[in-house]
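Based on these hints, arrange chain B on the given structure of chain A.
As given, the protein sequences belong to chains A and B, one line each in that order. Heads up: the first sequence is residues 1 to 205, going by full-length UniProt numbering. Heads up: the second sequence is residues 1 to 205, going by full-length UniProt numbering.
Just so you know, these hints were derived from the structure itself, not from any lab. Worth double-checking, as some hints may not be accurate.
Which copy? The list can't say, so a pair holds if one copy fits it or any two copies do.
Simulated pairs of lysine to any residue, SDA-like, Cα-Cα distance not exceeding 25 angstroms [what the hints assert, rightly or not]:
#1 Lys56 x Val194
#2 Lys133 x Ser16
#3 Lys6 x Ala43
#4 Lys80 x Phe3
#5 Lys38 x Lys56
#6 Lys133 x Gly117
#7 Lys23 x Pro37
#8 Lys56 x Ser127
#9 Lys23 x Phe101
#10 Lys131 x Arg35
#11 Lys130 x Ser16
#12 Lys6 x Pro19
#13 Lys6 x Pro37
#14 Lys23 x Ser176
#15 Lys38 x Glu14
#16 Lys38 x Glu139
#17 Lys6 x Glu134
#18 Lys59 x Val177
#19 Lys131 x Glu14
#20 Lys56 x Leu29
#21 Lys23 x Asp54
#22 Lys130 x Met1
#23 Lys6 x Ser100
Number of protein chains: 2
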Amino acid sequence: MEFSSKLLERAVNEMSQLPGIGKRTALRLVLHMLRQPKEQTLALSEALQTMRSDVKFCKCCHNISDVELCEICANPKRNKDVICVVEDIRDVMAIENTSSFRGVYHVLGGKISPMDGIGPHQLNIASLVKKVKEEEISELIFALSSTMEGDTTNFYIFKQIKDFGITTSTIARGISVGDELEYADEITLGRSIVNRIPFESSIKL
Amino acid sequence: MEFSSKLLERAVNEMSQLPGIGKRTALRLVLHMLRQPKEQTLALSEALQTMRSDVKFCKCCHNISDVELCEICANPKRNKDVICVVEDIRDVMAIENTSSFRGVYHVLGGKISPMDGIGPHQLNIASLVKKVKEEEISELIFALSSTMEGDTTNFYIFKQIKDFGITTSTIARGISVGDELEYADEITLGRSIVNRIPFESSIKL
Numbered sequence: 001m002e003f004s005s006k007l008l009e010r011a012v013n014e015m016s017q018l019p020g021i022g023k024r025t026a027l028r029l030v031l032h033m034l035r036q037p038k039e040q041t042l043a044l045s046e047a048l049q050t051m052r053s054d055v056k057f058c059k060c061c062h063n064i065s066d067v068e069l070c071e072i073c074a075n076p077k078r079n080k081d082v083i084c085v086v087e088d089i090r091d092v093m094a095i096e097n098t099s100s101f102r103g104v105y106h107v108l109g110g111k112i113s114p115m116d117g118i119g120p121h122q123l124n125i126a127s128l129v130k131k132v133k134e135e136e137i138s139e140l141i142f143a144l145s146s147t148m149e150g151d152t153t154n155f156y157i158f159k160q161i162k163d164f165g166i167t168t169s170t171i172a173r174g175i176s177v178g179d180e181l182e183y184a185d186e187i188t189l190g191r192s193i194v195n196r197i198p199f200e201s202s203i204k205l
Numbered sequence: 001m002e003f004s005s006k007l008l009e010r011a012v013n014e015m016s017q018l019p020g021i022g023k024r025t026a027l028r029l030v031l032h033m034l035r036q037p038k039e040q041t042l043a044l045s046e047a048l049q050t051m052r053s054d055v056k057f058c059k060c061c062h063n064i065s066d067v068e069l070c071e072i073c074a075n076p077k078r079n080k081d082v083i084c085v086v087e088d089i090r091d092v093m094a095i096e097n098t099s100s101f102r103g104v105y106h107v108l109g110g111k112i113s114p115m116d117g118i119g120p121h122q123l124n125i126a127s128l129v130k131k132v133k134e135e136e137i138s139e140l141i142f143a144l145s146s147t148m149e150g151d152t153t154n155f156y157i158f159k160q161i162k163d164f165g166i167t168t169s170t171i172a173r174g175i176s177v178g179d180e181l182e183y184a185d186e187i188t189l190g191r192s193i194v195n196r197i198p199f200e201s202s203i204k205l
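Bound conformation, chain A alone (with noise of 0.2 angstroms):
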């Protein structure tokens, strides 16, 4: 691609270094800025820069917060013995969402996955461990996607925390609520009769 201006090819270059955006959405992307108000470009990038120089990560639970300790962990009416060990933020603002949980939450920060060089060392386990040591903890319940890493990335904290003696719980594997069971898969299936619930449990919900 041949660019008029250097100014442009700079901005567009820059902008396709973003995950799933190539040169093409990237020129797409400038020119609609280049239609709208100065102030609009000024904004965004201001936005950016300020939240990349200036966004914390809570010191308990290293979720994205502008203070040192985010307002969950912050919260005095949550259960701080409660731990819910999820992936990534995005994880965290689900599961808000459902206000199903009142307990606390650990980011790990992404799942352990040596196809993509992602080691436990890159991950906050050592914090996640030290914590069940130190700290009064009664449960973990692992949240993370039922995936191979994510299944890798429990069984290694598993097995570095099951000598403390504390209850540890993965979230429900099952059928979607709305799927059809023609639909769903064999390991899926499985799952969901094995771990069946008493009816009276499911009806409360």
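The following block gives chain B in isolation, referenced to the frame of chain A:
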């Protein structure tokens, strides 16, 4: 969507103003930036900012340029009397890539589209008519998209300049190179038969 950080929320909101980028994609992009080195986000935001404030439009053809007169208009080897009328700079780039045009361009900045609230006065049409009237132009090539809006724009410009006695042409409509005949739509196929060209001239290309 509830965010644990106002800075993050603002960055996501600004990012999702861009066309084709929703809140979820914006969040994915912003979280990616947080995983990359700080310098990368600063480089992106600086590139966008400089581009938006310093980029110029060629005073002759309205192409994007870093200087007053773009490279194409300033090139003494290009035929200044043949003008190719295009919608935006992406079309200039596409035609330049073919290396088959040695004239100059005129970038309209869009197409007449009442549905989107774009009338002839928002486009660079007046300057084109002035150019045709005052300078020695021999041919105007319409290279707009083959849509209702493109055809309307072509016709609007044609009506304004038809009395100045210059040649006007439009790029050929026909079967794309590599296309199977049976999948071509009937209007395209019909036009390609009506506008057939001597076989000798086709093998020279």
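To see whether the hints hold, each was checked on the structure:
1. Lys56 x Val194: neither (43 angstroms within a copy, 67 angstroms between copies)
2. Lys133 x Ser16: neither (44 angstroms within a copy, 42 angstroms between copies)
3. Lys6 x Ala43: both (22 angstroms within a copy, 15 angstroms between copies)
4. Lys80 x Phe3: Classified as between; 21 angstroms across copies, 56 angstroms inside a copy.
5. Lys38 x Lys56: between (29 angstroms within a copy, 13 angstroms between copies)
6. Lys133 x Gly117: neither (28 angstroms within a copy, 64 angstroms between copies)
7. Lys23 x Pro37: Both: 23 angstroms inside a copy, 21 angstroms across copies.
8. Lys56 x Ser127: Classified as within; 17 angstroms inside a copy, 52 angstroms across copies.
9. Lys23 x Phe101: So lysine 23 and phenylalanine 101 pass the 25 angstroms test across copies only (24 angstroms; inside, 42 angstroms).
10. Lys131 x Arg35: Classified as between; 24 angstroms across copies, 52 angstroms inside a copy.
11. Lys130 x Ser16: neither (40 angstroms within a copy, 38 angstroms between copies)
12. Lys6 x Pro19: Both, since 23 angstroms and 23 angstroms are each at most 25 angstroms.
13. Lys6 x Pro37: Both. Shortest intra-copy (21 angstroms) and inter-copy (24 angstroms) distances satisfy the 25 angstroms Cα cut-off.
14. Lys23 x Ser176: The answer is between: 24 angstroms across copies meets 25 angstroms, while 38 angstroms in one copy does not.
15. Lys38 x Glu14: Both ways: lysine 38 and glutamate 14 sit 19 angstroms apart in one copy and 13 angstroms across, limit 25 angstroms.
16. Lys38 x Glu139: Neither: 52 angstroms inside a chain and 36 angstroms across chains, both beyond 25 angstroms.
17. Lys6 x Glu134: neither (56 angstroms within a copy, 32 angstroms between copies)
18. Lys59 x Val177: Neither. Shortest intra-copy (36 angstroms) and inter-copy (60 angstroms) distances fail the 25 angstroms Cα cut-off.
19. Lys131 x Glu14: Neither: 40 angstroms inside a copy, 37 angstroms across copies.
20. Lys56 x Leu29: between (29 angstroms within a copy, 18 angstroms between copies)
21. Lys23 x Asp54: between (29 angstroms within a copy, 21 angstroms between copies)
22. Lys130 x Met1: Neither, since 52 angstroms and 32 angstroms both go past 25 angstroms.
23. Lys6 x Ser100: This pair counts as between: shortest inter-copy Cα distance 24 angstroms, intra-copy 52 angstroms.
Hints 1, 2, 6, 11, 16, 17, 18, 19 and 22 from the list above are not met by this structure, while the remaining hints are.
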